[in-house]
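Could you build all of it, start to finish, from the sequences and the hints given here?
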Amino acid sequence: MVWVNDIIQGILVGGLYALFACGLSLMFGVMKVVNLAHGDLAVIGGYVAVGVITVTHIPVLWSFVIVVPLMAVLGYVLQRTVIQAALDRSVLTTLLVTFGLSVVIENGLLQFVNANSHSLGVDNAIITGAFSIGSQISIAYLLLLIFAVAVVVLLGLQYYLSRSRYGRLIRAVADDKEAAQLSGIDYRHVFGIAAAIAFGTVALAGIAYGMYSQFAPTTGTDTILLFAFAAVVIGGLGSLWGTLLGGVILGVAQAIGAQISGSDEFLAGYIVFLAVLVLRPQGLIARRAQS
Amino acid sequence: MTAVAETTARSAEKYRVTRSRRNVAWTGLGALVIVVVLALFPYIVGAGTETILVQAFIILTLASMWNLLAGYAGLVSVGQQGFVGLGAYFVLILNIHNISMFIALPIAAIGCGVAAVPMWWLVSRLRSGYFAIATWVLATTILLIIEKFPSIGGGTGLSLPHTPSLSSAVLEAYTFWIGLAVTVAALLGVYLLLRSRLGLVLTAVRDDEVAARSSGARVGLARMIVFVVAGIGCGAAGALLAVSQLIVQPTAVFSVQWTAYMAFAVIIGGLGTIEGPILGTIVYMVLQQTLQSYNAWYLIVLGLVAMAVAIFARRGLWGLVDEHLHVRLFPVGYWLWDPGARGNGFGRRRGGRRGAAT
Amino acid sequence: MSEPILEVRDLTVHHGQLRALDRISLRVSPGEVYAIIGANGAGKSTLLRTIAGLHHPTEGSIRYDGKDVTRVRPERRATSGIAMVPEGRRLFPSLSVEENLQVGATYARPGPWTIERVYEMFPWMRDRRNQAGAQLSGGEQQSVAIGRALVANPRVLLLDELSLGLAPVVVQRIYGMLPQILATGLTVLLVEQDVSQALRVASHLQCLLEGRTTLEGKPADVTPEQVEAAYFGLPGGERGGGQPPRTQGGSGGDRSPRDEREA
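Protein chains in written order, with our numbering: chain A, -5 to 285; chain B, 149 to 506; chain C, 3 to 265.
What the hints contain is simulated information worked out from the structure, not anything from laboratory work.
It is possible that some hints are incorrect.
Derived, one-sided and incomplete: chain C residues facing chain A with beta-carbon distance under 10 Å [as the list claims (entries may be wrong)]:
#	residue
1	L56
2	R92
3	G106
Positions of the beta carbon are idealized from the N, C-alpha and C atoms, including for glycine.
Structure representation (structure tokens):
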């Protein structure tokens, strides 16, 4: 029955992975940008949170109120300047530029902060506890909270995209940016909004990760980026619920891997990822085919 | 004769198509001189310089491979460190079995080429973004698998157990020479590859993939060959790394920073040109030496410069040189000489500026 | 002649090194139905797309409502009143019919056209408004695409190859909507491969061949033979409709030596 506990943990962690992934999925779906710096942005979110908390003494749980909007603005600016410039050149250029960004961010952090791990810790006594079901299952409140937040954010994003005016514009631009221009839409601005959402959600995920685990300057590429990609690929592009499913599957795979052997946690996840890439690149929830 | 027929007759006479603008024999001679001079270095310079040059050899080999992948075959791989690591570990494993590390190097390179084939099968169908990530995942997966074997050092690494009992100066010299050999082989190999029919296929694909496919070019095969060659080259570089460091540590040899180094060197030097990686490696080494004491700074600077070059000067430093001087050290294109035109004839047509904007 | 609402002067457009349009000029007066005809590759769609802002001309200018818009971004042109129904419809596949219309109305100018009014013009659309665009037939998609352009309340409507891929009876029905559209004060500039259809609806005609104008005038003033000659580039393809003759400029080798001597 120990397995059940780990699988539940895996499912809940999957929510966090999905939160990491949705920004990546959004940027790829809307602007066709594979943001190799995505994981590092989560780490930046974590570090900014550390800074904000140190300066304002705001409780850790509320740090997102400042950090998320800040990162969203950063996303808009970066998209309108650097990423749009790269997009105007070619797909290859965006890959190179986001890769460069990733390296610059990581080494910048190594240089200006330090190489040690940080954890945001949690200062709210309620959250640090856990509740038990029977003698075998113990679920940390923090993990449950993170899962709940992830689901809420994904729900909100889904609603926003399908019902709101801007959500419609984002979907239209993602479908056909030229046709959108003909309807008076400045797609560069819409791209900026999408990037803002992506940066905001990944920063939130970074803060959650910082509370749950710890991060260091290289965590972005060591860990987070591949998780996010794995969740997107396994779940299929274009579907937020697919991303959640992908995250959950990844989490469960890792939990099972950890059961088999302590060091196989990540390996199990990557093998599932590779398997999906080879067997079903469009993921488990394939979006309607584009002609 | 009608006007149409006249023109045709004239063109048969006077238009010429050549491989290069000036006699390539001069470039070849120059290259030979440089190689010979370099070969004499162990007699001239100290061990410190040799070590730096071996590093440069590694970077140059990696860069020319990455350039082949991204600049000619359109394959942006962020996982070449997988081959670097594999090459290093092949040397380690062979050395554990009492094979001299110098002999192990070419074996390791070939081993990486062999390994590249199933890897290609895994990733070949993926589009660019997915392809990049898949190569990264593959490299990381290989790392994680290798770390599970304590006999080759597990997670901490292992020194080469059977190093030759030579004085350090001689060892350094041998390492230098084999590094020189690897680099020359890599550059020569890339050059010959691009001059061959394969190179023509790649250029056609670069310009217009659909047209290339429909005219019968075997695009998939061409890309696979490039991937395997790059695997061999990066494997050789990794093997050289093992030989020069005498120790193989998993996180060092499989670090994604190798991709960063090769990609940045190529981008800055000039993607899609053979001369580019050479220039880029020089820039990289200069930066590394000058910012040596500032730890992560040189990667920050390198990264920022690479980003700027990718956006603003797409063809890199060599592109800037080429535009102004029309020099081609490694001629792989064609020059058209028009008898009627003034000056030195038309250059090879490049991709062309787009007239349409979006 | 009244002040043209759209005026193009000596427009030259390149696709890479290919010259798609060679010093094209035209003037569209308010309320006109101006038809551009020509064979495949003549440059018609390129012309329309350049007017809409999706291509940059190498030379020449575009004036809309008296103002130079040559360097204005396509979305700004759209919001100032130039709406294009692109070739191939290009509905947003992941949006429903109504959402497509809503997108068109996002930055609408004030005017008579609303989504409701589009539903009145195409009654069937109201019942299918929540369906995805991909589930509609070609003719239905074309209607939605027109509706999407109309709800922005443009002053100039650009129609790019409406008839492409549609059955003749469907094409006629769609073109039958033109009077309703014109009645609200719009001007229409359309591109059409189907010459007889164009002649039926146009108040002014211009024929392109390989990027150059080979004929221009009112349908009543040109003979079918002249149109045919201009369309195919046959000898005898002269100017029509009282315009002063223009030199044809460099031929670039697209005419046979026989034509060169006889033209």
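Cross-check of the supplied hints:
With a least beta-carbon distance of about 6 Å to chain A, the hint placing L56 of chain C at the interface is held under the 10 Å criterion. The beta carbon of R92 of chain C is positioned within 10 Å of a beta carbon in chain A (closest approach about 4 Å), and the interface hint is therefore held. The interface hint given for G106 of chain C is met, as the beta carbon of that residue sits about 5 Å from the closest beta carbon of chain A, less than 10 Å.
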